[in-house]
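**Student:** The residues making up each chain are set out below.
Number of protein chains: 2
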Amino acid sequence: MTRKELIEIIRQRESFLCVGLDTDIEKIPAHLHTYDDPVFEFNRRIIDVTKEFCAAYKLNTAFFESMGAKGWETMKKTFAYIGASHFTIADAKRGDIGNTCDMYAKAFFKEMNVDSITLAPYMGRDSVDPFLKNKNKWSIILGLTSNPSAADFQFQQNANGAELYKTVIQTAASWGNEENTMFVVGATQAEMLKEIRSIVPNHFLLVPGVGAQGGSLEEVVKYGKNKDIGLLVNSSRGIIYASNGEDFEEKARSEAKKMAIEMARFID
Amino acid sequence: MTRKELIEIIRQRESFLCVGLDTDIEKIPAHLHTYDDPVFEFNRRIIDVTKEFCAAYKLNTAFFESMGAKGWETMKKTFAYIGASHFTIADAKRGDIGNTCDMYAKAFFKEMNVDSITLAPYMGRDSVDPFLKNKNKWSIILGLTSNPSAADFQFQQNANGAELYKTVIQTAASWGNEENTMFVVGATQAEMLKEIRSIVPNHFLLVPGVGAQGGSLEEVVKYGKNKDIGLLVNSSRGIIYASNGEDFEEKARSEAKKMAIEMARFID
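The listed protein sequences correspond, in order, to chains Z and A.
The numbering of the first sequence is the working numbering, which starts it at 294 and goes up by one.
The numbering of the second sequence is the working numbering, which starts it at 294 and goes up by one.
Among the hints, erroneous ones may be present.
Since the list can't tell identical chains apart, any single copy or any two copies may satisfy a pair.
[Stated by the list, open to error] Using 25 Å as the maximum straight-line C-alpha spacing, the simulated BS3-like pairs for lysine-lysine come out as follows:
id : residue 1 : residue 2
1  : Lys403    : Lys320
2  : Lys370    : Lys399
3  : Lys428    : Lys297
4  : Lys363    : Lys520
5  : Lys430    : Lys403
6  : Lys487    : Lys544
7  : Lys344    : Lys370
8  : Lys320    : Lys399
9  : Lys428    : Lys550
10 : Lys515    : Lys399
11 : Lys518    : Lys426
12 : Lys370    : Lys403
13 : Lys403    : Lys297
14 : Lys550    : Lys320
15 : Lys344    : Lys518
16 : Lys403    : Lys551
17 : Lys428    : Lys370
18 : Lys369    : Lys403
19 : Lys515    : Lys369
20 : Lys426    : Lys320
21 : Lys518    : Lys320
22 : Lys363    : Lys399
23 : Lys369    : Lys426
Hints in this document: simulated from the structure, not taken from any laboratory.
Quick caveat, the model's predicted, so the values are computed rather than measured.
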């Protein structure tokens, strides 16, 4: 998907919501367990009731890998079910040397046919370049994460007083461009979006941590929105586990709709 | 596998060689393509001819993921084929927030039943703790990698002049202990092993980059060996692709044997 197409989807749908399908087979409603592939059935139904309210879906690969080869198949089926109407994200946080990353790019961009993959930056440029070679595919690089121990290394200051996450964002922004690179910036650190925007004013940011992890949408928009919106705000548990009863679709729909209505206010 | 068991394997086999099964279906000998699962057939044969010369096998998950669900099955079959006679490593370089890492731990320690997994440290302690809870399983944390762009961030100095990779190793060493934590240290940076040993004198180090990537075994041992050996030195392409003809088993065996003979010199 191109940047232009993504922006169009956001504007038309009046939503920059990304629904996170972190589907844990132990947390889905009991009545789905009679299906051959309960996780796919859950995902399919969540997609059906949320698709009009969101611009993107993010599948966390760990939840599928925990089910082995069958889970990998479920992940592929889910991405295929979403199709081209939404921006798709494999939240895989991969990162390795060049020839290995070519394999990950093949796994996700070709075999799984997703629009984007999240990447860990520790190994530097070699670990991102192989992904950037793929036309209309995106690398979403970890900048500032939403977990408490993000502080362990991401806040380390260099001799000039710049925190590691800023160095990462500034450096990694030069590897690709605004058409193929985004950054993960946790919503729990929303006020830091201001400084991040001074480094990458035009890039899209993927913002997890709104909802279950405590981040505020208002703050994210205040500090993070740019002229093209420039945000994909993810909510996972707050939507998909809004209920674990027979009404889970209705409740998930209602939560997604609520977020989309909030978001529409911020779209001109 | 416990640390004691690992050390016993190394001493008995007089080898701290780890054979890296970065098996690319496009690089294996043509005559194997008639098999149902050519990659498994290749791995099985490589294991058969190298097992007496090595202490560990490392499977690079990217190469299996690039084949989709079938590749995931091949990875599982390969780990099962190796069994308990060798230390097994899923070279997955995962790292995410806590509840996600629980899923990765389930994927690799339970579903795949490996002894260890490689982890990227960018997200800090939360992203490693879930793995450390698993008894007799190991977290192998990226310290200093062997790729050229390791320098992008790993060499960033903090206000006290300490490079990031040292901060990572020092900090992460305190999360677990010598019985459940190792560090990845690239062989191409062998002289830096001296300083790393001053930080973690007793931990095992997984050392990739000997062979195809240009690192020297002599140097790795000189700076990295400790009283318990404390090293697993990986070679992938140098062994598994020593030939891509019908003699690939003989050539792989010969390369592994050569490395084991070199290594035996360093084991008391």
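**Student:** With 25 Å as the alpha-carbon cut-off, assign the pair lysine 370 and lysine 399 to within, between, both or neither.
**Tutor:** Both ways: lysine 370 and lysine 399 sit 17 Å apart in one copy and 22 Å across, limit 25 Å.
**Student:** 25 Å Cα cut-off: does lysine 428 pair with lysine 370 within a copy, between copies, both or neither?
**Tutor:** within (23 Å within a copy, 34 Å between copies)
**Student:** Checking lysine 369 and lysine 426: alpha-carbon separation at most 25 Å within a copy, between copies, both or neither?
**Tutor:** within (22 Å within a copy, 30 Å between copies)
**Student:** Give the relationship of lysine 515 and lysine 399 under a CA distance limit of 25 Å: within one copy only, between copies only, both, or neither.
**Tutor:** Intra 37 Å, inter 39 Å, cutoff 25 Å: neither.
**Student:** First find the shortest C-alpha distance between lysine 344 and lysine 370 inside one copy, then the shortest across copies, and answer within, between, both or neither for a cut-off of 25 Å.
**Tutor:** within (16 Å within a copy, 38 Å between copies)
**Student:** Within a copy, between copies, both or neither: where do lysine 363 and lysine 399 come within 25 Å Cα-Cα?
**Tutor:** Both ways: lysine 363 and lysine 399 sit 19 Å apart in one copy and 14 Å across, limit 25 Å.
**Student:** If the cut is 25 Å between Cα atoms, do lysine 518 and lysine 426 qualify within a copy, between copies, both or neither?
**Tutor:** Close neither inside one copy (27 Å) nor across copies (40 Å); limit 25 Å.
**Student:** Between lysine 363 and lysine 520, at a C-alpha cutoff of 25 Å, which is it: within one copy, between copies, both, or neither?
**Tutor:** neither (42 Å within a copy, 44 Å between copies)
**Student:** What label fits lysine 344 with lysine 518 when the C-alpha limit is 25 Å: within, between, both, or neither?
**Tutor:** For lysine 344 and lysine 518, only the intra-copy Cα distance (22 Å) is at most 25 Å; the inter-copy one is 56 Å.
**Student:** Checking an output row: lysine 426 and lysine 320, CA cutoff 25 Å. Within, between, both or neither?
**Tutor:** For lysine 426 and lysine 320, only the inter-copy Cα distance (22 Å) is at most 25 Å; the intra-copy one is 38 Å.
**Student:** As a check of your reading, is lysine 518 near lysine 320 (CA-CA no more than 25 Å) within one copy, between copies, both or neither?
**Tutor:** For lysine 518 and lysine 320, the Cα distance exceeds 25 Å both inside one copy (33 Å) and across copies (47 Å).
**Student:** Cα distance capped at 25 Å. Does lysine 550 pair with lysine 320 within a copy, between copies, both, or neither?
**Tutor:** Result: close within a single copy only, 22 Å intra versus 50 Å inter.
Of the numbered hints stated above, those contradicted by the structure are hints 4, 6, 9, 10, 11, 16, 19, 21, listed in ascending order.
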